[in-house]
Each structure stands twice: as structure tokens, then as C-alpha cells.
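Order-wise, the sequence lines are chains A and B. Under this note's numbering, think of the first position of the first sequence as 1, with each following residue one higher. Under this note's numbering, think of the first position of the second sequence as 1001, with each following residue one higher.
I should point out that these hints are in silico values taken from the structure, not numbers from a laboratory. Keep in mind that this is a model prediction, so the values were computed, not measured. Just to be clear, a hint being listed does not mean it is correct.
Said to hold, decoys possible - Now the stretches of chain A that chain B is said to cover, found in silico as 3 or more residues with beta-carbon under 8 angstroms: (1) 41 to 52; (2) 58 to 70; (3) 79 to 91; (4) 97 to 108; (5) 115 to 121.
Yeah, the Cβ is synthetic: ideal placement off N, Cα and C, and Gly gets one too.
Number of protein chains: 2
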Amino acid sequence: MSGGLTVRAADAADYDRIAPVVDEWWGGRAMIDMLPRLFFVHFADTAFVAEEGTDLAGFLAGFLSQTRPDEAYIHFAGVSPGHRGRGVGRLLYERFFAVARERSRTVVRCVTAPVNERSVAFHRALGFEVDTVAQNYDGRGGDRVLMSRRLA
Amino acid sequence: MSGGLTVRAADAADYDRIAPVVDEWWGGRAMIDMLPRLFFVHFADTAFVAEEGTDLAGFLAGFLSQTRPDEAYIHFAGVSPGHRGRGVGRLLYERFFAVARERSRTVVRCVTAPVNERSVAFHRALGFEVDTVAQNYDGRGGDRVLMSRRLA
């Protein structure tokens, strides 16, 4: 990990930097509809940005489950293509784990696509386990891997 | 409003009834990416379905703002084409207002598209006021009308 890398809580202004690059970071896939601004307005205390100097290196958008008081959820996280392989994702996730622990959450959940083997491997390396693979999870007919990680 | 209309709290199973009809209810627009299952899992206590008998008449997905303790937010609501003009939307919104009040929220916010004049008029009729029109609000370059309603 670069010594110049910092992670801080995000705010609504960060959304204006993140939104224009999301599709590009996902190799041209249309992802932005899944990341409305509300995550940076109403869940800003569990959203984070990683920066190297003034460059946006990555971001994470999550929340504390409203219905399940023991759970936190990571909805969306991405690392700039130019900053991959340097621990940016791990740093963002660990910040989220710390905040979730402070807020008395004992499990973190997330959902990814089984076809995205790099994502599944990334989550396993961070201590997530696969709970199940669900069919037609988010409405477009795609399978999703449901993963969770206990917080000590 | 029909005498046979009921509103109840939603659960994750309701998502499997709602997801297949969302695009159709919006006249074929691709809306489902904006409504992931998480709203019916992690914000189930502020999600509601309206039914007439066993028919799905409408639904609402909202949340209590995590960052702004006075605020609640309505993310997505829809009424079946066959049930429009009968107060289904109002019933769903009023249930949400009641729950938000119980949870000590004093303002409800929502965002809609200025081109959707019917939506803006619906919200005005329910006591919402337009706070601002924001450019490029949700990342695809579209304008959005930001509306809010005080809770008594």
C-alpha cells in the first residue's frame, strides 16, 4: 500500500467525483444506476473515499441495516484502475468494519456476482464466507453470491 | 379508494413479486436497477405493499436517514396501472409518514424527475414542496426535483 494513501469519510460532494468514473472503473458496464446519490447523503457516515494526494483512488458505500440491528452492509465499492493491487480496497473495507463495530454491528454482509471471480476472491481474502448463491436476486435474472463476515 | 385495499409492511418475499413488474409499471423504462432487493431486506420496516385481495396494487420503499436523524426518505414507489387513480399512492405515503413520525422524523424527502409532471403534482397534493432542481443529480446527467414535506 502506498504511504500517501488516505481514507476519510465521504460526503455528498464526493459523489460528483465518483459518479462520472464508475462506469469506466467497471470496464464500461452501466453501473451508475445502482449508485444513486442517496448513499452519500443519507448514509454518509458509512461511506468512505480513498485518495492519493488529490486523486480519487477508491470509494466504498455501505450502511447499517435498519431492519437487522446486528448487521451492516456494503453496497458498492470500487478502486481506480490506476490504483489496483495496492491494498486500497482492503483499506476501505477495514475502515468500514471499524465503524460497523463501533456502531455495535456483529456481521457485515455484501452481495456480488458469481461471474466476478476476482470480487469473490477479494472478499474471501478479507474474511468473508459465501452463505449462498441466490438466483434472480436483484431482478434481472442474474445469480448473486451472498457473503458475510463476522466482526470480532 | 377501494374498500378492499390493504397496506402492510413488506418483506423480502414481496421483492419477488415487485421486481418482475417494475419496468412494466413504468411504461417499459428500465427501472429495476434502481430498486435492489436490499430495500426489502435491510429497510423492510419502512417498505410497504398495497394489495387488493391477493393482487399487488402498489409498493413503497423508503428508509430513515442514517446520517440525518430528523429525516426520512422515500426512494421508490409505484402503483399498478390497473389500480391508478384510486388513492393507492396516497395510502402508501401516509403509512410511511406515520411510521416516520413514530420514529421521531420531522421531514420526509424524495427526489423525482422534472419531466415527470404527474409525479411532481402527486407529491404537491400530499404536502411536499419543491426545495430545488438539481442538475446531474444521480450521475446520468438528468435533472432532479428535490422535494420535502414536514411531518406535524
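**OP:** Report the numbers of all earlier hints that the structure fails to satisfy, in ascending order.
**Re:** Per hint list: 3, 4 and 5 violated.
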